[in-house]
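Q: Given next are the chains, with one letter for each unit.
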Amino acid sequence: MTERLVIIGNGMAPGRMLEYLLEAAPGRYQVTIFNAEPRVNYDRIMLSPVLSGEKGYEEIIIHGDGWYIKHGITLYKGHRIVAIDRAAKTVTSDHGVTEPYDKLVIATGSVPFIIPVPGNDMAGVLSYRDLDDVNAMLLAAQSRAKAIVIGGGLLGLEAAAGLQSRGMDVTVLHVMPTLMERQLDPAAGYLLQKAVEARGIKVMTKANTKAIVGHGKVEGVELDDGTIIPATLVVMAVGIRPNAAIAKDAGIDTNRGIVVDHGMRTSDPDILALGECAEVGGQVYGLVAPLYEMARVAAAHLAGDETAGFVHSDTPTKLKVTGIDLYSLGDFADGDDREEIVLRDAAAGIYKRLVLRDNRVIGTVLYGETGDGAWFNDLKKKQTDISEMRDTLIFGQAYQGGSPLDPMAAVAALADDAEICGCNGVCKGKITDTIAERGLTSLDDVRAHTKASASCGSCTGLVEQLMTLTLGDSYNPAAVQPMCKCTDLGHDDVRRLIKAKGLKTIPEVMQELQWKTSCGCAKCRPALNYYLVCDWPDEYADDYQSRFINERVHANIQKDGTYSVVPRMWGGVTNANELRAIADVVDKFEIPLVKVTGGQRIDMLGIRKEDLPAVWSDLGKAGFVSGHAYAKGLRTVKTCVGSDWCRFGTQDSTGLGIRIEKFMWGSWTPAKLKMAVSGCPRNCAEATCKDVGVICVDSGFEIHFAGAAGLDIKGTEVLGLVKSEDEALEVIVALTQMYREQGRYLERIYKWAKRVGVAEIKRQVLDDAEKRKAYYERFVFSQKFAQVDPWSERVSGKDKHEFRPMASVGFAEAAE
Amino acid sequence: MSGMDWIAIGTLADIPLRGARCVNTPQGRIGVFRTAEEQVFAIEDHCPHKGGPLSQGIVHGASVTCPLHNWVFSLETGKAQGADEGSVRTIPLKVEDGRLFIALDVLASKAA
Ligand code: SRM
Ligand SMILES: Cc1cc2nc3c(=O)[nH]c(=O)nc-3n(C[C@H](O)[C@H](O)[C@H](O)COP(=O)(O)OP(=O)(O)OC[C@H]3O[C@@H](n4cnc5c(N)ncnc54)[C@H](O)[C@@H]3O)c2cc1C
Ligand code: SF4
Ligand code: FES
Numbered sequence: 001m002t003e004r005l006v007i008i009g010n011g012m013a014p015g016r017m018l019e020y021l022l023e024a025a026p027g028r029y030q031v032t033i034f035n036a037e038p039r040v041n042y043d044r045i046m047l048s049p050v051l052s053g054e055k056g057y058e059e060i061i062i063h064g065d066g067w068y069i070k071h072g073i074t075l076y077k078g079h080r081i082v083a084i085d086r087a088a089k090t091v092t093s094d095h096g097v098t099e100p101y102d103k104l105v106i107a108t109g110s111v112p113f114i115i116p117v118p119g120n121d122m123a124g125v126l127s128y129r130d131l132d133d134v135n136a137m138l139l140a141a142q143s144r145a146k147a148i149v150i151g152g153g154l155l156g157l158e159a160a161a162g163l164q165s166r167g168m169d170v171t172v173l174h175v176m177p178t179l180m181e182r183q184l185d186p187a188a189g190y191l192l193q194k195a196v197e198a199r200g201i202k203v204m205t206k207a208n209t210k211a212i213v214g215h216g217k218v219e220g221v222e223l224d225d226g227t228i229i230p231a232t233l234v235v236m237a238v239g240i241r242p243n244a245a246i247a248k249d250a251g252i253d254t255n256r257g258i259v260v261d262h263g264m265r266t267s268d269p270d271i272l273a274l275g276e277c278a279e280v281g282g283q284v285y286g287l288v289a290p291l292y293e294m295a296r297v298a299a300a301h302l303a304g305d306e307t308a309g310f311v312h313s314d315t316p317t318k319l320k321v322t323g324i325d326l327y328s329l330g331d332f333a334d335g336d337d338r339e340e341i342v343l344r345d346a347a348a349g350i351y352k353r354l355v356l357r358d359n360r361v362i363g364t365v366l367y368g369e370t371g372d373g374a375w376f377n378d379l380k381k382k383q384t385d386i387s388e389m390r391d392t393l394i395f396g397q398a399y400q401g402g403s404p405l406d407p408m409a410a411v412a413a414l415a416d417d418a419e420i421c422g423c424n425g426v427c428k429g430k431i432t433d434t435i436a437e438r439g440l441t442s443l444d445d446v447r448a449h450t451k452a453s454a455s456c457g458s459c460t461g462l463v464e465q466l467m468t469l470t471l472g473d474s475y476n477p478a479a480v481q482p483m484c485k486c487t488d489l490g491h492d493d494v495r496r497l498i499k500a501k502g503l504k505t506i507p508e509v510m511q512e513l514q515w516k517t518s519c520g521c522a523k524c525r526p527a528l529n530y531y532l533v534c535d536w537p538d539e540y541a542d543d544y545q546s547r548f549i550n551e552r553v554h555a556n557i558q559k560d561g562t563y564s565v566v567p568r569m570w571g572g573v574t575n576a577n578e579l580r581a582i583a584d585v586v587d588k589f590e591i592p593l594v595k596v597t598g599g600q601r602i603d604m605l606g607i608r609k610e611d612l613p614a615v616w617s618d619l620g621k622a623g624f625v626s627g628h629a630y631a632k633g634l635r636t637v638k639t640c641v642g643s644d645w646c647r648f649g650t651q652d653s654t655g656l657g658i659r660i661e662k663f664m665w666g667s668w669t670p671a672k673l674k675m676a677v678s679g680c681p682r683n684c685a686e687a688t689c690k691d692v693g694v695i696c697v698d699s700g701f702e703i704h705f706a707g708a709a710g711l712d713i714k715g716t717e718v719l720g721l722v723k724s725e726d727e728a729l730e731v732i733v734a735l736t737q738m739y740r741e742q743g744r745y746l747e748r749i750y751k752w753a754k755r756v757g758v759a760e761i762k763r764q765v766l767d768d769a770e771k772r773k774a775y776y777e778r779f780v781f782s783q784k785f786a787q788v789d790p791w792s793e794r795v796s797g798k799d800k801h802e803f804r805p806m807a808s809v810g811f812a813e814a815a816e
Numbered sequence: 001m002s003g004m005d006w007i008a009i010g011t012l013a014d015i016p017l018r019g020a021r022c023v024n025t026p027q028g029r030i031g032v033f034r035t036a037e038e039q040v041f042a043i044e045d046h047c048p049h050k051g052g053p054l055s056q057g058i059v060h061g062a063s064v065t066c067p068l069h070n071w072v073f074s075l076e077t078g079k080a081q082g083a084d085e086g087s088v089r090t091i092p093l094k095v096e097d098g099r100l101f102i103a104l105d106v107l108a109s110k111a112a
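Order-wise, the sequence lines are chains Z and P. First residue of the first sequence? That's 1 in full-length UniProt numbering, and the numbers climb one at a time after it. First residue of the second sequence? That's 1 in full-length UniProt numbering, and the numbers climb one at a time after it.
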């Protein structure tokens with residue numbers, strides 16, 4: 001019989017434990033989780049990038065809803081366990097759910113410490129622990145007002161940097177003389193303070209908070225000396241306390257945390273504890289690496305392996321603030337038995353210090369240049385005798401043994417058991433072996449299979465170097481492919497930074513992201529223009545000079561410099577009036593060729609540029625709008641005759657196609673977007689090779705996507721089946737918006753889907769109703785500004801200059 | 001006709017910034033370009049590759065990318081950049097008080 005495993009808390013530690021457990025003993029337990037936070041398991045470490053805008057919440061989810069369903073796990077979101085009844089072996093939540101267990105795991109994490117001063121419970125005082133805190137901070141940041149962060153440690157500085165990048169005026173109050181004093185020596189702390197201040201954040205050290213002042217709402221912070229610093233937001237980031245209360249109430253042994261042995265067992269043999277709430281060997285932990293070690297051990301015990309035991313190891317600290325590199329590990333206090341080696345390069349802002357005992361590294365502080373952190377960590381862990389290399393040790397690994405200063409060589413020289421990913425405790429050998437054994441070729445695969453670089457991401461560079469080392473030239477880190485020669489940044493970085501830094505014009509992007517050319521090139525400018533149109537639909541003024549000629553004049557240029565005009569024929573349907581208007585235009589302007597396109601509409605080719613506005617004017621009178629046959633945007637929606645006429649038709653495919661086209665026309669997308677709706681699986685509209693296709697069936701609408709029939713041929717992937725037209729439209733719109741927000745310029749939907757994964761797309765636009773709605777609404781919002789017929793605009797005089805020569809000169813003189 | 005004959009073709013404001021307009025002349029079309037740095041150049045509007053209208057291309061720095069197959073030309077010298085070989089004629093141009101003049105004389109003599 002399966003045993004019942006109940007978990008209290010759904011943070012990073014139990015999440016990892018379940019991964020190990022599902023691998024070691026699949027099906028052994030029926031798992032139920034209670035989580036006080038109303039959400040799935042996400043990467044808490046990455047809250048700071050969410051706060052600063054460098055990442056979205058969706059990007060930091062570790063296990064989406066689908067994962068729980070797949071593994072048959074019941075997750076109670078927003079249920080706080082209020083009592084453990086050890087005699088009855090049950091737990092009870094604040095919503096009154098009582099659940100029996102055979103084994104119980106307590107993983108309640110920590111609670112932020114709130115300093116006991118008057119006013120600490122006023123509106124506007126926040127801590128920094130979960131997504132709700134981040135959302136509250138983001139809300140407060142909209143005011144662009146003054147914020148105070150109490151606490152100059154890792155969390156406090158990340159909060160300060162995030163709030164500052166959101167436009168707040170931030171002051172950090174720190175009670176000690178230097179920042180991050182527990183991880184950094186005073187010299188590094190000083191450099192850090194300078195770097196923080198250089199970003200425009202004020203820092204006050206030796207600042208002791210006496211009270212938080214205000215009337216019902218925060219107005220400022222009063223210090224010991226009576227100074228009052230005004231602020232409307234106060235974030236307390238002064239430390240955390242293991243959350244051991246419910247264990248204590250249940251009579252389980254607790255000290256600072258819940259006391260566990262090296263097998264993660266509490267004083268009750270059926271109850272385990274792990275994560276920040278657990279105390280093992282007299283220590284509690286606040287970084288994920290040791291918590292993941294606990295997860296490994298707890299999973300082993302639950303799977304029946306009683307031999308697994310927790311091993312302590314020091315974890316390096318890194319600050320996740322873009323542009324500030326620091327690394328600290330181990331013990332760096334002064335002492336009689338210790339020696340130190342220091343390197344300072346003031347001009348380059350570099351400071352490095354190694355603390356040695358008996359010729360062995362016991363502590364490392366690196367500031368400004370942290371590339372050798374992994375190597376020093378390795379020397380420390382192995383207790384390597386460094387007397388031989390003492391003179392050059394501080395210069396790092398590249399200087400040892402006369403090897404050249406090549407980062408690849410340095411990585412190659414690392415031992416197989418050198419730790420690469422600190423968060424997940426993954427060593428070099430594990431990564432290179434897994435790449436070879438499983439034939440991995442992408443960073444995402446390596447993340448999925450080894451967990452390396454899957455948490456805070458600061459080792460991504462090292463992991464990529466290992467991939468290059470293992471795979472040779474066949475590994476081409478697409479992620480770092482620069483957009484063009486004007487920048488070193490790739491498309492994804494640029495898109496991320498546009499949002500994070502709120503960049504809203506092309507010159508602003510080029511200035512802030514340090515473009516190497518004065519005004520870009522024909523590759524980056526159209527891409528940037530699209531990203532800005534997509535990200536700031538209501539604010540950005542489209543830069544026509546950054547669009548290719550076709551999109552600038554809303555017609556396709558031909559080899560002889562004339563243009564073609566393709567009006568929309570909604571869903572491929574036309575009528576006598578429309579055809580008559582086309583015939584008249586063709587006669588009037590002596591258009592040389594009329595052709596039926598592969599997209600179910602009519603193309604008029606060979607029109608002189610000067611005639612375009614007049615052609616459009618005539619077409620417009622018959623009700624035609626631009627077909628965007630030239631656009632990186634919605635092109636056609638092909639349809640078949642469907643249930644109205646066809647003896648096999650199951651639904652009104654023509655009607656749905658027209659509805660989709662009318663809803664979505666005018667939208668810009670990373671690359672062209674073609675759709676089709678077929679009325680039955682015979683698929684006469686060829687929906688299964690389109691960017692998005694619908695196959696109607698008796699039970700509803702099968703939505704397909706990521707097909708291609710151009711340079712590459714590829715059948716579509718099935719996104720899923722929905723019952724109604726309304727649902728089909730919502731899913732298609734959400735899918736398109738997700739692609740609009742994530743696609744790289746000129747990347748067709750099938751390439752994007754390959755990159756982010758069909759499963760992930762499904763999760764976001766099909767399984768997660770909330771997310772789907774949000775995508776849908778963002779699309780609808782941007783359509784308000786996009787759904788304007790460019791032809792009629794030009795008929796009424798917009799961009800006149802495009803269609804006429806500036807002057808005609810010299811003819812009189814030249815005439816014979 | 002003798003010497004430089006400067007012919008008015010319009011004003012600076014007629015050309016969009018980082019854009020171009022064309023001017024019809026008996027010897028063919030000329031593209032007049034205005035760069036982000038407010039320099040103005042005139043070149044023949046005919047790509048040596050396959051005749052693309054360069055005035056319809058994207059203007060960046062003091063260069064333009066041909067709209068048909070993406071060759072890049074220097075507006076100053078008329079020479080193709082990078083791996084491509086070829087060049088277009090440059091036409092003398094003067095800006096005075098925001099008014100633009102080209103020297104058609106040169107065109108006429110070339111055409112002769
Ligand atoms: C007119 C048309 C051919 C025809 O006479 O039927 C056509 C004409 C052109 N296609 Fe196409 N394509 C046309 C349907 C297609 C189709 C069929 C379809 O849409 O069902 C495909 C394959 C499906 C697909 O896109 O996956 C197709 C795949 C391409 C490609 C390859 C795209 C790819 O990513 O692999 C290009 C090149 C590109 O976009 O870079 C292209 C590019 C072009 C361009 C725009 C070439 C250019 O850059 O100047 C042609 C413009 C001619 C003009 O001025 O109108 N055309 N082209 C069709 C217009 C459809 C419409 O009503 O809008
Ligand atoms: C902003 C920030 C940045 C960080 N950066 C780093 C970093 O760079 N590197 C690093 O190693 N670590 C970092 N950490 C620390 C790391 O996130 C934590 O160590 C880790 O998440 C703790 O995992 P856990 O599972 O023990 O607890 P948590 O992830 O805190 O999960 C505990 C969960 O239990 C729930 N819970 C509590 N009580 C109950 C109850 N009675 N019933 C039901 N549910 C309950 C809580 O709601 C919570 O969701 C950071 C933390 C924060 C907040
Ligand atoms: S297949 Fe398309 S791109 Fe190629 S010649 Fe025909 S219309 Fe042009
Ligand atoms: S015609 Fe200009 S590049 Fe081909």
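No wet-lab data here; the hints were simulated from the structure. Idealized CB from N, CA, C, for every residue including glycine. Do not rely on the hints blindly, as some may be mistaken.
[What the hints assert, rightly or not] Once the Cα atoms are required to be at most 25 Å apart in a straight line, the calculated SDA-like pairs of lysine to any residue come out as:
hint: 1; chain 1: Z; residue 1: K194; chain 2: P; residue 2: Q81
hint: 2; chain 1: Z; residue 1: K516; chain 2: P; residue 2: K50
hint: 3; chain 1: P; residue 1: K50; chain 2: Z; residue 2: I713
hint: 4; chain 1: Z; residue 1: K609; chain 2: P; residue 2: L17
hint: 5; chain 1: P; residue 1: K94; chain 2: Z; residue 2: S808
hint: 6; chain 1: Z; residue 1: K516; chain 2: P; residue 2: A62
[Claimed, not checked] On the chain Z side, residues computed to face chain P include the following (Cβ under 10 Å):
hint: 7; residue: P537
hint: 8; residue: Y540
hint: 9; residue: A541
hint: 10; residue: R552
hint: 11; residue: E802
hint: 12; residue: P805
Q: Which hint numbers does the structure go against, in order from smallest to largest?
A: 1, 2, 3, 7, 8 and 9
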